[in-house]
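Please construct the entire structure, taking both the sequences and the accompanying hints into account.
So the sequences go chain by chain: A and B.
FYI, the numbering for the first sequence is 1 to 110, going by the working numbering.
FYI, the numbering for the second sequence is 1 to 115, going by the working numbering.
What you were told as hints is all true, and nothing was included just to trick you.
Derived contacts from chain A toward chain B, CB cut-off under 7 Å, selection only:
hint	residue
1	Tyr32
2	Gln42
3	Pro44
4	Arg91
5	Arg92
6	Phe100
Here are the simulated DSSO-like pairs of lysine-lysine, each with C-alpha atoms no more than 27 Å apart in a straight line:
hint	chain 1	residue 1	chain 2	residue 2
7	B	Lys24	A	Lys97
8	B	Lys78	A	Lys97
9	B	Lys78	B	Lys24
Since the hints were derived computationally from the structure, they do not count as laboratory data.
Heads up, the beta-carbon is just placed ideally off N, CA and C, and yes, glycines get one too.
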Amino acid sequence: DAKTTQPNSMESNEEEPVHLPCNHSTISGTDYIHWYRQLPSQGPEYVIHGLTSNVNNRMASLAIAEDRKSSTLILHRATLRDAAVYYCILRRGSNYKLTFGKGTLLTVNP
Amino acid sequence: DAGVIQSPRHEVTEMGQEVTLRCKPISGHNSLFWYRQTMMRGLELLIYFNNNVPIDDSGMPEDRFSAKMPNASFSTLKIQPSEPRDSAVYFCASSPGTGGTQPQHFGDGTRLSIL
Numbered sequence: 001d002a003k004t005t006q007p008n009s010m011e012s013n014e015e016e017p018v019h020l021p022c023n024h025s026t027i028s029g030t031d032y033i034h035w036y037r038q039l040p041s042q043g044p045e046y047v048i049h050g051l052t053s054n055v056n057n058r059m060a061s062l063a064i065a066e067d068r069k070s071s072t073l074i075l076h077r078a079t080l081r082d083a084a085v086y087y088c089i090l091r092r093g094s095n096y097k098l099t100f101g102k103g104t105l106l107t108v109n110p
Numbered sequence: 001d002a003g004v005i006q007s008p009r010h011e012v013t014e015m016g017q018e019v020t021l022r023c024k025p026i027s028g029h030n031s032l033f034w035y036r037q038t039m040m041r042g043l044e045l046l047i048y049f050n051n052n053v054p055i056d057d058s059g060m061p062e063d064r065f066s067a068k069m070p071n072a073s074f075s076t077l078k079i080q081p082s083e084p085r086d087s088a089v090y091f092c093a094s095s096p097g098t099g100g101t102q103p104q105h106f107g108d109g110t111r112l113s114i115l
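This is how it looks when you write it as structure tokens:
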């Protein structure tokens, strides 16, 4: 499976935008980019996914580089409830597997 | 909407005892997954069912672990006999499909401690 690289931790202030980066230089043409997050004492939660184009949903936006070797999860206005570990995962088109790495621990300061 | 329901939320038991973890997937989802999370190894897929049939059990650590899905609304993960190194948080997830676009919906997990 292609690998992703994320910073171990990031910090943000409440009400400010947060840009969480992910590098995936060995991504293949059929790999979808998925983001999940895990709040303390909870199971992982699906956030968003994309293939080539930028995507928006009620939780976040996903910006995908033109060469697809990197992507950025954007939280437009961070709240304290967004403090979590964020996982960037590549998932082949026909594959059921989600392979979780270490993710990025996001701290949101009041 | 009811999400994935796991029970118990916490389990503390002594080494050697049998442990049974339970999962009720989201209605209508035909894929079910069991994961284990530890500090050392992170989140690992243990087993995957599709339409109640085990498809991939390559992540099951050893013969002490077994999983069943007798019907579309219930699955169990059993450890017999349990050992201290089995202490972890066990998550169940379900999905409406298996393709790369289908999200997995996770329960809140069972925190297992083996003394």
